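Colleague: Next come the chains, spelled out residue by residue.
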Amino acid sequence: MYKVLNYIQNYVEIKITGERPQKFINICLRRRIAVWKLTRVSDTEFTMCMLSSEYVKNIRSAAAKAGVKVKIIKKEGILYTFRKYKARKALALLPLLLCAVFVLISSTLWNITVEGADYGAQQNTLKLVSELGIKRGMFMSNINSRALAEELLSNQNNLCWVGVKKRGMTLHIEIAEGTYYESKKADTVPAKEPCDIAVSKDCLLYKVIVEQGQQVTETGNTALKGQVVVAGEGKHAKASVSGIVWYKAEAVIENEIDVLTYTGEEITEKSLLFFGLKIDSPRWKWLPWNWNKKDFESYNSIYTEKYAGREGEFPFGVAKLTKKETVWEKKELSVEEAIKTAGEKADAALDAAVPDDGRILKTKREIITKNGLQYYCVTAEVLEEVGVTVSVEN
Amino acid sequence: MRIPSIRLYGKRKAQILTHKGIKSCSDRHIEIFSVAGVICVCGRQLEITEINDEYLCVKGVIESISYKT
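Those protein sequences? They're chains A and B, same order as listed.
Per the working numbering: the first sequence = residues 267 to 660.
Per the working numbering: the second sequence = residues 2 to 70.
A hint or two may mislead.
Below are the EDC-like pairs computed for lysine to aspartate or glutamate, each with C-alpha atoms no more than 20 Å apart in a straight line [what the hints assert, rightly or not]:
#1 60(B) - 309(A)
#2 289(A) - 32(B)
#3 611(A) - 591(A)
#4 281(A) - 64(B)
#5 340(A) - 32(B)
#6 24(B) - 285(A)
In silico contact screen, one side only, chain B against chain A (beta carbon under 8 Å); selected entries [what the hints assert, rightly or not]:
#7 25
#8 28
#9 29
Honestly, the hints are just simulated from the structure, not real lab data.
Computed from a predicted model, the values in this text were never measured in an experiment.
Each residue gets a CB set at the ideal place from its N, CA and C atoms; glycine is no exception.
Just chain A, same shape as in the assembly (with noise of 0.2 Å):
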């Protein structure tokens, strides 16, 4: 300990020569200077060590008080290492760049954590992180915790409730997931003035709640687009109007369908990631084995990113992406196949068409011929909202 603090407050190594060695450490011991290392050489000869500043302020008086010869013989210390290497700059440059590497690499965004919520939620979290411009690489600095917070919690209306934190070189995302209730859509028509409502497709009148306004078309006759059903008589109209909305789609049977198939041919091309920059590796074409080797024209891809660490808390790791070849071919079917493959198509067509709200009361499924070629017709009954807010014509 007393080495390192001597080390650190500089030291010197002395040689005394003279008649009476003795009275010049009694003096030095009547001024407060501490000696150590006191070693006798000869009579008249000793050496000892001192602190640096205690030798520049008094040694030259006690010497000659004493009547001895002071000599260094050494000197020892931070500020005769510093001094000893300045001439050697790159040296002096080396930890330096050290700390600024530390400082540099501390101070950046190494990792970014979800928890929370399901699966689907991490990710979409993570892409909209990514697309908000955060990501590895980036100064710590230049993340607002609160800002992203509210950005994500805004995007996503799944969530509930969104935490960011800093915890060191990771972005710590907690993320809830909470009831999402659609707004529901507000009246073309201004609540002040005076409106009809109409119906906006072509329905059955189901069932018609007046609450103000006068209903003009009876509840199980047909009404057409744009018919007013309830009017307002100089008010605004509100009702809630449901009507039965028939919905029809339809498929070819064919006989013969194209199926995308894999080939079996695939590419793997890896890359390095480094503070979320992605090194591609280069592709060794010029290489003999790799010659006849050609991009594919149509293929479906696997793009995996791994980070180094037991959680990729590291800011390096590799990329892979994986091309698998495909190609189209033409495929035989069945009847019952062609039949189920026009079935599912005329059921996913019509699933599109189906207002959400709607209710299916009833669907009928048939087969048609129509110009030589047939068809899977599925038609469906739905029960929706069909009443819209018209203003009134003057």
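Go by the hints and put chain B onto chain A.
Modeller: Same frame as chain A, but now just chain B:
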């Protein structure tokens, strides 16, 4: 009072507190001034390892410590 106190660690080390300076020093004997008189440390390979205005440490093979009045 600046009465000297001497602490001996076996034969190898001696600590002298509240001394008044060195009278003479060699590897066979060291004479130290004190209020009570001159303390004489005799032995072989004697060496003052540490010294300040109050404290003094002698290392070596100590054979005797005596006062000279």
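Colleague: It remains to establish, for every hint, whether it holds in the given structure.
Modeller: Now the hints, each set against the structure:
Simply put, residue 60(B) and residue 309(A) have alpha-carbon atoms about 18 Å apart, close enough for the 20 Å limit, and the pair holds. A hinted pair counts as satisfied when its Cα atoms are at most 20 Å apart, and residue 289(A) with residue 32(B) qualifies at roughly 13 Å. A threshold of 20 Å between alpha carbons decides the hint, and for residue 611(A) with residue 591(A) the separation of about 26 Å lies outside it, so the pair is violated. Between residue 281(A) and residue 64(B) the CA atoms are separated by roughly 28 Å; this puts the pair beyond 20 Å, and the hint is violated.
Under the criterion of a C-alpha separation no larger than 20 Å, the hint pairing residue 340(A) with residue 32(B) is inconsistent with the structure, at around 28 Å. The suggested pairing of residue 24(B) with residue 285(A) holds, with an alpha-carbon distance near 13 Å, which does not exceed 20 Å. This hint holds: residue 25(B) has a C-beta 6 Å from the nearest C-beta of chain A, less than the 8 Å allowed. A least Cβ separation of about 6 Å between residue 28(B) and chain A falls short of the 8 Å threshold, and the interface hint therefore holds.
Proximity of residue 29(B) to chain A is violated relative to the hint, the smallest CB-CB distance being about 10 Å (cut-off 8 Å).
Consistency with the previously given hints fails for numbers 3, 4, 5 and 9, ordered from lowest to highest.
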